[in-house]
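Trainee: Each chain, letter by letter, is given below.
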Amino acid sequence: MTNANEILGVPANASDEDIRAAYLSKVKEFPPDRSPAEFEKIRDAYDTLRDPRNRAQAMLLSAGFDAPLVSLIDGHKRRRTYAGPQPWREVLKRK
Amino acid sequence: MSKDSIQAVEITVRKLIANRKFKTALDNAKEFHKAQHTTASESLLLDAYAARIQSLVDQDLEPEAKSLLALVRERFPAAKERLDAMRSAISARDGDLAGILQPLNDPELSSERRAAIELTIQTQVTDLASLAACNALPLDHSLRQAAGALHQAFNAVTSGPVTDEQIALPEVSHRSPLSPWKLLIRAIAHLHRGEDQACGEILAAIKPESIPSRLVPAMSAMLGVGGIALKPADTDLISRTCANLQPLHGALASLDRAFAEDEHESVIFKAVRAAVQECQRSAPELLRQLKQLVFVRGGVIGLDNERLMAALGGAPRQDAAFFRMYARAMETSGDPEDLYEACELWDAFRQEAVKETWFRPNGVEVATLYLHMAEILRRAPDDLLTEFQRFPKVSREPLAKDDRYFLFPEKLYQRACAIDPHREAFSQWKQWAVERSAKEAEKVCREWHRIRPDDLEPILYLMERAAKRNAFPSALSYLNKAERIDAVHSVVRAARLRLLAAGAIRHLQQKKPHLAAEKLVMMARLPQSQQADRPAFLAALRHLVFVGTGHESVAEEGRLEAETLLEGSLAAGLLISGIAAVSKRFELVKLSPAEALTHQQRTLIPKSMARVMAIADDLDIAKFQLPSSYIAETEEQFPGARDSLDVQQIALLGELGVACERPKLAWAASGAGLERGGPTEARFLLLRAQALPPGHGPRYVALAAAAAELGRFHRDMDVVDQALRIARHPFQDRPISLTIDQAREVVRRELASPAFPDTRNPGPSYSDLFPQLLCQCPGCRRNRGETVGLFDEEDEDDFDMSDEEMEDILDEGIPEGMPPELARAFLDIMKESAITGQRPEEIMARILGGGPGGRPDGGGKKGRRK
Numbered sequence: 001m002t003n004a005n006e007i008l009g010v011p012a013n014a015s016d017e018d019i020r021a022a023y024l025s026k027v028k029e030f031p032p033d034r035s036p037a038e039f040e041k042i043r044d045a046y047d048t049l050r051d052p053r054n055r056a057q058a059m060l061l062s063a064g065f066d067a068p069l070v071s072l073i074d075g076h077k078r079r080r081t082y083a084g085p086q087p088w089r090e091v092l093k094r095k
Numbered sequence: 096m097s098k099d100s101i102q103a104v105e106i107t108v109r110k111l112i113a114n115r116k117f118k119t120a121l122d123n124a125k126e127f128h129k130a131q132h133t134t135a136s137e138s139l140l141l142d143a144y145a146a147r148i149q150s151l152v153d154q155d156l157e158p159e160a161k162s163l164l165a166l167v168r169e170r171f172p173a174a175k176e177r178l179d180a181m182r183s184a185i186s187a188r189d190g191d192l193a194g195i196l197q198p199l200n201d202p203e204l205s206s207e208r209r210a211a212i213e214l215t216i217q218t219q220v221t222d223l224a225s226l227a228a229c230n231a232l233p234l235d236h237s238l239r240q241a242a243g244a245l246h247q248a249f250n251a252v253t254s255g256p257v258t259d260e261q262i263a264l265p266e267v268s269h270r271s272p273l274s275p276w277k278l279l280i281r282a283i284a285h286l287h288r289g290e291d292q293a294c295g296e297i298l299a300a301i302k303p304e305s306i307p308s309r310l311v312p313a314m315s316a317m318l319g320v321g322g323i324a325l326k327p328a329d330t331d332l333i334s335r336t337c338a339n340l341q342p343l344h345g346a347l348a349s350l351d352r353a354f355a356e357d358e359h360e361s362v363i364f365k366a367v368r369a370a371v372q373e374c375q376r377s378a379p380e381l382l383r384q385l386k387q388l389v390f391v392r393g394g395v396i397g398l399d400n401e402r403l404m405a406a407l408g409g410a411p412r413q414d415a416a417f418f419r420m421y422a423r424a425m426e427t428s429g430d431p432e433d434l435y436e437a438c439e440l441w442d443a444f445r446q447e448a449v450k451e452t453w454f455r456p457n458g459v460e461v462a463t464l465y466l467h468m469a470e471i472l473r474r475a476p477d478d479l480l481t482e483f484q485r486f487p488k489v490s491r492e493p494l495a496k497d498d499r500y501f502l503f504p505e506k507l508y509q510r511a512c513a514i515d516p517h518r519e520a521f522s523q524w525k526q527w528a529v530e531r532s533a534k535e536a537e538k539v540c541r542e543w544h545r546i547r548p549d550d551l552e553p554i555l556y557l558m559e560r561a562a563k564r565n566a567f568p569s570a571l572s573y574l575n576k577a578e579r580i581d582a583v584h585s586v587v588r589a590a591r592l593r594l595l596a597a598g599a600i601r602h603l604q605q606k607k608p609h610l611a612a613e614k615l616v617m618m619a620r621l622p623q624s625q626q627a628d629r630p631a632f633l634a635a636l637r638h639l640v641f642v643g644t645g646h647e648s649v650a651e652e653g654r655l656e657a658e659t660l661l662e663g664s665l666a667a668g669l670l671i672s673g674i675a676a677v678s679k680r681f682e683l684v685k686l687s688p689a690e691a692l693t694h695q696q697r698t699l700i701p702k703s704m705a706r707v708m709a710i711a712d713d714l715d716i717a718k719f720q721l722p723s724s725y726i727a728e729t730e731e732q733f734p735g736a737r738d739s740l741d742v743q744q745i746a747l748l749g750e751l752g753v754a755c756e757r758p759k760l761a762w763a764a765s766g767a768g769l770e771r772g773g774p775t776e777a778r779f780l781l782l783r784a785q786a787l788p789p790g791h792g793p794r795y796v797a798l799a800a801a802a803a804e805l806g807r808f809h810r811d812m813d814v815v816d817q818a819l820r821i822a823r824h825p826f827q828d829r830p831i832s833l834t835i836d837q838a839r840e841v842v843r844r845e846l847a848s849p850a851f852p853d854t855r856n857p858g859p860s861y862s863d864l865f866p867q868l869l870c871q872c873p874g875c876r877r878n879r880g881e882t883v884g885l886f887d888e889e890d891e892d893d894f895d896m897s898d899e900e901m902e903d904i905l906d907e908g909i910p911e912g913m914p915p916e917l918a919r920a921f922l923d924i925m926k927e928s929a930i931t932g933q934r935p936e937e938i939m940a941r942i943l944g945g946g947p948g949g950r951p952d953g954g955g956k957k958g959r960r961k
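Which chain is which? The protein sequence lines are A and B, in order. Reading the first sequence from the start, the letters are residues 1 to 95 in this note's numbering. Reading the second sequence from the start, the letters are residues 96 to 961 in this note's numbering.
Bound conformation, chain A alone (with noise of 0.2 Å):
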């Protein structure tokens, strides 16, 4: 996923329908009378993907390959197992 990408919250593969109502819905968030410096990061990013080529561009440099292994868990989501209702309730026991 390119910086673009990240930017307006829309996957590699999203349509033209999809990024321009990312788009919209971030400049709603962030308008340009109050927040100019984050709708200037939004209006590139719309700018850069509304491009088909500069798309398509982007998707091809956007392959993460040079990161330290270590980054790979880095805000990955622990896997989560059932432990049943025991040690949830020993919780709530405990104030």
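I should point out that these hints are in silico values taken from the structure, not numbers from a laboratory. One or more of the hints may lead you astray.
To be verified - Capping the alpha-carbon separation at 20 Å, the derived lysine-lysine pairs in PhoX-like fashion look like this:
#1 B/563 with B/607
#2 B/129 with B/118
#3 B/175 with B/125
#4 A/93 with B/302
#5 B/161 with A/93
#6 B/326 with A/93
For chain A, the structure is supplied; the task is to place chain B on it using the hints.
Mentor: What follows is chain B alone, placed relative to chain A:
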């Protein structure tokens, strides 16, 4: 006791309660009540008892709390209602719910009492099963029904996946005292489904005083919220619910270290095995990505594939994401040979991505990919490309020749333009073709013009080529097309005059002065021929044409007009001489050598040369020649004349210095231009880079990078393009770049170092701006405190050659027939190559054509295992 003393005791007791010193507070309150026996002292004592009883409950000492409560109730019957509420809370907590719930059967129960009971249920009842089974209420009572449903749903949601129906819980209304449990159950369901945002939102809605809110800290920690104080039970729940990733983190860090420190293969494989094993155990969902990443890393450093796959426990999944990652890694590895493998991997990516429906087989993405692959091949050395096209490596599977299209830039451009005939795609194709040959570029432009007849760029190129071939009818036909598309385009507007001028010069060369005179008439009719110094050109041309026809008086008029227009005989003479030289009609003009001029006349040479060159530049006269004695004299006179020149004239003289191998003239012009500042500073920095003698690699790149940045700042894209070609590190995607402040610092340092550089006075160092461009010679490495190996020392000895030693070699060892100047130049190039790590041909290309600066940080990648 005075009123003040009573207040003081009260304050002390309440402070003790607030500080959780309940026993002392109670003792003080007892003493106080014994002495006072007032309503206020009794109220204070009851508060102290209540706090003490609650503290016993909090310490799980319910029996002790209950017996103390009974004692207090007996002694203070008037406080029955308050103490009953406490008793209900303790009973509820203890699972003894009958006493609390019984009053709910009373239809006359006051709303306040009902609310108090419901609050107790909400804040004290932890055992839903007991509530559901409590016989104090009828079986069909809504509270029992809700508790039963919640109990069942809680067990289900903590034991396995649940459906939305299972946790819909219509029995529990939002007004029920048990409604926070409903929220908790939904939050747990979202947590296990990985819907963290929804989970967090529901947790935020749970009433903080309710029993379910006790799970909020632990669940927030599971969602990744940091800085939460957790109790042992919370920690136990988290460890039993969420996998511990610490061991995996450690294994991955070890593997990162093994790769970074270029450990022995066996060490890397051991670390790979450990990481894979731990990933399988604690985060199997990451295993696919980990195996792909490790395989790519291993591939780039050339680990043995078979052993790597064995360590990974099998080959990684070869999907589109894998091929894209691998291709990107190879194209940026720094090894030119990897560029071809990168293209092969990009082709594999294309095929897989189409299969995985990332994009259509003929979509714009594929066209973009073809252009990207072509640009990769463009970065590769020509000789290696030819070798690979002839003898391709078989890294995946043998392919038929047609399937190896990815090794042929022209096929890639062709495919890209066929899928997406976009102006930019054709422009890239044309740029590539121009670097190969004008013929190839013409072919591309013809194709471009066929597909996109309204694009100006190919028409202008074809017109220019036709003019160069002296095919004027053809050039004029292209010009007509260009004028139809955009008549006000600056190149188009200038083109007609330029074509006529070129035609006239051609006729003059062919000794057909009558045809040249016709062109002259046509030129004179054009309004643009009256602008700037163009009338002087027409006058000079007229002089030559009529000298050729023998009309001396008309010729003389032309000469005089040129002299008037150019404010002197020197500039007019140089212009006439230049046009005669381009027309190869040297016999038509006789110009005195510069040495024959007076001192006063010689001081005017730089300005006159610049003015004449501006005319040649304006009319795009190719091969415009000026006498060498005048060029030498320009270099000589430049310091005295520089203040009388404008920026454009200084730049033209600098470019003359570069073109005529007068680096000192170019250097002096660049310094004078930089001093003027303003938007042309980028152009003068680039000129300075081109004027640098060999052996100043880092300064060369610094100047080019600063020129690129300043060019961007001043929107001079011509300079940016040229500068980027120099500043581009051949093994990296992006050219070496500077910030605008760093670029200005380069200008400042250059202005402080006006002298032409040599070995004793190399000029400013830019190692602080470009740590990657540090000189790798043993001497410099030692000065920086780096370790210098045994072989480095030998290398240093090999190339630390004094000028005398060089002279000896030149005297004794040069090949027969080789001019000593050439031998000296070769020796200089080899010496620079050894010191900077640049390839000799790159240095030569730079010296001869201002080409790329090569690879300033030394030779090939270390630790390559292939």
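Trainee: Holds or violated: are the alpha carbons of residue 161 of chain B and residue 93 of chain A at most 20 Å from each other?
Mentor: Distance ~18 Å between residue 161 of chain B and residue 93 of chain A Cα, so the pair holds.
Trainee: With the threshold set at 20 Å, check whether the alpha-carbon distance from residue 175 of chain B to residue 125 of chain B stays at or below it.
Mentor: holds (19 Å)
Trainee: Sort out whether residue 93 of chain A lies within 20 Å of residue 326 of chain B, counting only the CA atoms.
Mentor: holds (12 Å)
Trainee: Is the hinted pair residue 129 of chain B and residue 118 of chain B satisfied, with a Cα-Cα distance of at most 20 Å?
Mentor: Since the Cα atoms of residue 129 of chain B and residue 118 of chain B sit roughly 17 Å apart, the hinted pair holds (cutoff 20 Å).
Trainee: Checking one constraint from the list: CA of residue 563 of chain B to CA of residue 607 of chain B, max 20 Å. Satisfied?
Mentor: Status holds; Cα separation ~19 Å.
Trainee: Is residue 93 of chain A close enough to residue 302 of chain B, meaning Cα to Cα at most 20 Å?
Mentor: holds (17 Å)
Of the numbered hints stated above, none is contradicted by the structure.
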